[in-house]
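Peer 1: Read off the chains here:
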Amino acid sequence: MTVLGNEVLFSGVDASGLSGLWVTNGTAGGTHELLAEAPGATAAKDPLGLNPTDFTVFNGDVFFNGLDQFGRGQLWELNGATLQPQMLTAPGAAGGLSPSNFELYNGHPSEPMAAVPTFFFKTPAAKPRSGT
Amino acid sequence: MLPNIVLFEGVDATDTASLWETNGTVGGTFELTDVPSPPPLITGEANYGFVPSTLVSLDLTVFNNQVLFAGRFSPTVPLDFGPYTLWTTDGTATGTAPIPLTSIGASSGGLFSATVTPGFTVFGNEVLFRGIDTGGTAGLWMTNGTASGTREITGIGGTASAGVNPSDLTVFNGAVLFNGADTAGHLGLWTTNGTGAGTNELIPPVGAGAATGGLNPTDMTVFNNEVLFNGADVNGLSGLWATNGTAGGRTSFLLKHRAPRPDSIPLT
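Chains as they are written, first to last, in my numbering: chain A, 1 to 132; chain B, 1001 to 1268.
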């Protein structure tokens, strides 16, 4: 679960058995699903649903790892104002980007990245042999 | 993350899983080492690195201008796979050191296991975590980042014989909530103030709808003066729960629960 302003985001299973993106304000009436699966997804290629993980709040929005319509992990962004999710990385032929372990970073004042707050994340290509 | 740098665990060309540093540039990304002819890369580190396991992480945790982490070490001669202990680092290889197991009453097999991440949680001027003592019991520990300041919290009543086995530690309202095992071995919601006497289980009132086999709270998240978590109800179904950190409070208030799919996390 991840706090975003006056609400909390989390991954939950809906009545269709899909693991989607949910939001709650701490009450039963204020708890609902935002997105069950990527547009165009089918049970054959993406039986899990969006399956969001690794929520990271950044500049008022939320970045996370979610499955595309082919069941591959991609980088998604949830607009903090509209609560509209969108996939940022395009589904590729091979495995998805599957970002994880997001880490915010503001850089050193003397370094080029200083004026551009950004974040790091891990992809399968950089996955350690052991550990996370 | 320390000021201006990010530490992370990574595997190098020799398959050693060790500690890396980056400032966000290629030139500023490197593996920490203070040993001329590795392995090991850092004095005291096991030959195959800190984390030769796919099940745990270093659990890197910023604390008082240093970073705590769990890693394998060589207590005597250099070992390929040593036991896990608590390490501290200032972001340099020479400033990275293990805390010896014998000095803190930890199991000779390791303060941490190869399957459970310690869950370091900063609480005031100390850090709480799950550790294993000389008796093999998985208990609640504290550290201030030094050997003399690292100890198991003793005197906790009502725990399982194998230990309270804390997980999901979450700071809330001057205390730390966690998932722990009681005398029946059931996983419930516990609270601690960092002392044995101040550590106890928050048992939901009868009729609150909690599972008789344990509420088993996970994914605890502080939100609007409460803590939301995933917990099990009387039917064994996962649901969204909230607590104010007291047994008589809103604990065991099931926000939503859905019956149709027994394997689902509730919420409809």
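None of these hints come from the bench; they were simulated from the model. Each residue gets a CB set at the ideal place from its N, CA and C atoms; glycine is no exception. Honestly, I wouldn't trust all of these hints.
Stated by the list, open to error - If you want a taste of the chain B side facing chain A, the calculated C-beta under 8 Å gives, among others:
id : residue
1  : 1006
2  : 1108
3  : 1226
What the hints assert, rightly or not - Quick list of simulated restraints, FRET-style, between CB atoms:
id : chain 1 : residue 1 : chain 2 : residue 2 : range
4  : A       : 80        : B       : 1077      : 33 to 41 Å
5  : A       : 80        : B       : 1122      : 20 to 28 Å
6  : B       : 1066      : A       : 69        : 22 to 30 Å
Peer 1: Decide, hint by hint, whether the structure agrees.
Peer 2: We went through each hint and held it up to the structure:
1. Restraint check, residue 1006/B versus chain A: the minimum CB separation of about 6 Å is within 8 Å; hint holds.
2. Violation of the interface hint for residue 1108/B is found here, the shortest Cβ-Cβ separation to chain A being roughly 22 Å, above the 8 Å cut-off.
3. For residue 1226/B, the interface hint holds, since its Cβ comes within 8 Å of a Cβ in chain A; the closest pair sits about 6 Å apart.
4. For the hinted restraint 33 to 41 Å between residue 80/A and residue 1077/B, the CB-CB distance of approximately 54 Å leaves it violated.
5. The supplied range of 20 to 28 Å is met by residue 80/A and residue 1122/B, whose beta-carbon atoms lie about 27 Å from each other.
6. For residue 1066/B and residue 69/A, the Cβ-Cβ distance of about 45 Å falls outside the hinted range of 22 to 30 Å, so the restraint is violated.
Going down the numbered hints, you'll see the structure goes against 2, 4 and 6, while the others check out.
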